[in-house]
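Peer 1: Chain residues, written in single-letter form:
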Amino acid sequence: MTPSRVAFAAILGKDLRSELRTLQSLPAMALFAVTAFIIFRFGLDRTSLSGSLASGVLWATLLFAAVLGINRLFVAEREEGGFDAIRLAPIDRSVLFAAKAAALIVYLVALELIAVPIFAVFFLDSAAALGPLVLVLVLTDLGLAAVGTLISSMAVNSRARDLLVPLVLLPLVVPLMIAATGATEPLMIVGGPGYHRFGTWLMVLGLYDLIFALIGWAVFDFLLED
Amino acid sequence: MPESQDQERPAVAVAGLRRDYGDRAALDGVGFELAAGATLVVLGPNGAGKTTLLRILATLLRPSGGEVLVLGCALPKEAWKLRGKIGYLGHEPLLYRDLSGRENLRFHARLHGIAGAAAEARIEELLAAAGMDRRGDDRVADLSAGMRQRLAICRCVLHRPELLLLDEPDSNLDAEGREAARELIGPGSGHTRVVVTHDPERFLPEADAVLRLGIGEAAAVT
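As given, the protein sequences belong to chains U and L, one line each in that order. Going by the working numbering, 201 is the number at position 189 of the first sequence; the sequence numbering is gapless. Going by the working numbering, 188 is the number at position 183 of the second sequence; the sequence numbering is gapless.
Isolated chain L, as found in the complex:
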């Protein structure tokens, strides 16, 4: 694809997205476009389908209907092309409790094809940025929820993804942790971002677009 055409293409384009759980539609008719480098903030009450939307974009759930194009890959058919380009921060930190933070990050680095000195340098850089360098050898089970969230943020950006899918990224973080998070996954980090939040005051100033999901209502983009 020519460079100019590539730049014009939205990083994420969703049209008529539907996801059913049995007889219940968690998402119905959701559509939006997100330009590369921009931030979409997703708002809505509990049960509106915010996490479901994020998991579909992360290739972790299959849509029941509609069209989803992420970084030029049509989901779910081309999901395999997309993996490795996404940084996903969900409700769970995706860290093994019996391994240390460093061991977890080494494991994820290897899964993403980062090995040796490059992996070690990247891990130390992220641990220092997250303020976790001194606790990196502690077992995850022994860390507080906030420290696990900091490690999860390190895991999320470890492989330098193009698109960040963030579900309540500030949860459990103290002021210092929020500052570290802003540096690693904030608007200045250079990523295209989809942020699910219940804290519009915190995230709306960073938003280029806002998607409001309602229960039994059509999604609204502003």
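Bound conformation, chain U alone:
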């Protein structure tokens, strides 16, 4: 049996190398986010946002940008035989779940490194919220990666993949988004950042991450069966 850390590094390295070479996911995610911010800026006709509106604009944009990456997460495995290759190798198949989730986290972090500063320039009066926001971003990314990897692996075999991922994913991430916006809102209040119920929302995010990471790890092996 190949050690799981070796297989994890091999799959993650392969995914990142492919993405760097083809740029199939990240540019689309970043372009979507920037375009959405421009539309919000002119649609809302506001040069400054705060509180729940700022939080909602940020997370709605990041979520829909993330869907673009989640849609393509397993396409190479499906279309180029990667599933078979991995099923033929002497590895724990759950490693594929972990490596794909890690690849998605890298995409989300890269997206946020581009989108969050642009959001701050477009809508925030102060950058003070950005420090504590990192914690919310990290915990939400973990949850999105866990549930996104699971849904993407199930939807990839369907011809209606592009429709199926948002249809199944979005209801499942409603609790995650409620917690993420709940944690972000006090950070972006006027004169903030504030920390009202910040810790509670972080705990909800952590619990969500744990539940979906465990579900994904437990069921992924069965999802790879014929």
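By construction, these hints were calculated from the structure, which means they are not laboratory data. Predicted, not measured: the structure shown is a model, and the values here were computed from it. Be a bit skeptical, because a hint or two may be false.
To be verified - With beta-carbon atoms standing in for the labels, derived distance ranges: (1) Val133/U / Arg139/L: 48 to 58 Å; (2) Ile227/U / Asp138/L: 38 to 48 Å; (3) Ile227/U / Glu181/L: 50 to 60 Å; (4) Leu184/U / Lys82/L: 28 to 38 Å; (5) Leu179/U / Ala41/L: 46 to 56 Å; (6) Trp85/L / Asn169/U: 21 to 31 Å; (7) Ser176/L / Val133/U: 50 to 60 Å; (8) Arg139/L / Pro15/U: 25 to 35 Å; (9) Gly25/U / Gly36/L: 37 to 47 Å; (10) Ala21/U / Asp138/L: 19 to 29 Å; (11) Val180/U / Trp85/L: 25 to 35 Å; (12) Leu184/U / Gly193/L: 52 to 62 Å.
What the hints assert, rightly or not - Partial selection, computed: residues in chain L whose CB lies under 10 Å from chain U: (13) Trp85; (14) Gly89; (15) Ala114; (16) His117.
Ideal placement from N, C-alpha and C gives every residue a C-beta, glycine not left out.
Following the hints, position chain L against chain U.
Peer 2: Then chain L, alone, in the frame of chain U:
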């Protein structure tokens, strides 16, 4: 298991194998035994279940019924023990189009626990044997179908498997490619082999046993 008993045990033993797709039986009542080091050639028309049989032996499909014993492992229960001992060459090359041949082979080597200098040496040995050493850094997407097939053969034997499951191994290969394939996966390569083919003239001379699958007919072993 004592050595003599191990040598007597067939590498592959299949009895009453059935595989259903919905209401349709792709395989029904297939049975054969294959000794270690021997070659079984599987013949049959399109839709007879040849690829299905190969995918079951490769642990990629679960049988719907019957008994399948491969290298001493009962499928599907002990499939995890078998992975890594099988070299599978299917219709798809199982290579990522945006990576080069060398990058693909390094990826597969790592999945099979081969790393560092040992992996590099093995990859270069196989690329040279397949006549692909000069095109090994080209992206797979830029290669011809025949060159992809040569790389797929390298992938298939990279981890030195005991059993080769080959589905139309000569497809897309030119004369030079067929010669390279013969060296790597041919009867002299020392592997136990199950070869699915539509070209009996090419492969029957290499066969120790022949399995003929028919649509709606019982499988016949000769």
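Peer 1: Determine for every hint whether it applies to the structure shown.
Peer 2: Going down the list of hints, with the structure as the test:
1. Val133/U / Arg139/L: 48 to 58 Å: Holds, at about 50 Å.
2. Ile227/U / Asp138/L: 38 to 48 Å: With a Cβ separation near 46 Å, Ile227/U and Asp138/L satisfy 38 to 48 Å, so the hint holds.
3. Ile227/U / Glu181/L: 50 to 60 Å: Holds - the Cβ-Cβ distance for Ile227/U and Glu181/L, about 51 Å, lies within 50 to 60 Å.
4. Leu184/U / Lys82/L: 28 to 38 Å: holds, 33 Å
5. Leu179/U / Ala41/L: 46 to 56 Å: Holds, at about 51 Å.
6. Trp85/L / Asn169/U: 21 to 31 Å: This hint holds: roughly 22 Å between Cβ atoms.
7. Ser176/L / Val133/U: 50 to 60 Å: With Cβ atoms ~56 Å apart, the hint holds.
8. Arg139/L / Pro15/U: 25 to 35 Å: With a Cβ separation near 34 Å, Arg139/L and Pro15/U satisfy 25 to 35 Å, so the hint holds.
9. Gly25/U / Gly36/L: 37 to 47 Å: holds, 43 Å
10. Ala21/U / Asp138/L: 19 to 29 Å: holds, 26 Å
11. Val180/U / Trp85/L: 25 to 35 Å: holds, 29 Å
12. Leu184/U / Gly193/L: 52 to 62 Å: Holds - the Cβ-Cβ distance for Leu184/U and Gly193/L, about 55 Å, lies within 52 to 62 Å.
13. Trp85: Status holds, d = 8 Å.
14. Gly89: holds, 3 Å
15. Ala114: Hint holds; Ala114/L Cβ to chain U Cβ min 9 Å, cut 10 Å.
16. His117: Holds, about 6 Å.
Violated hints: none; the structure is consistent with every hint.
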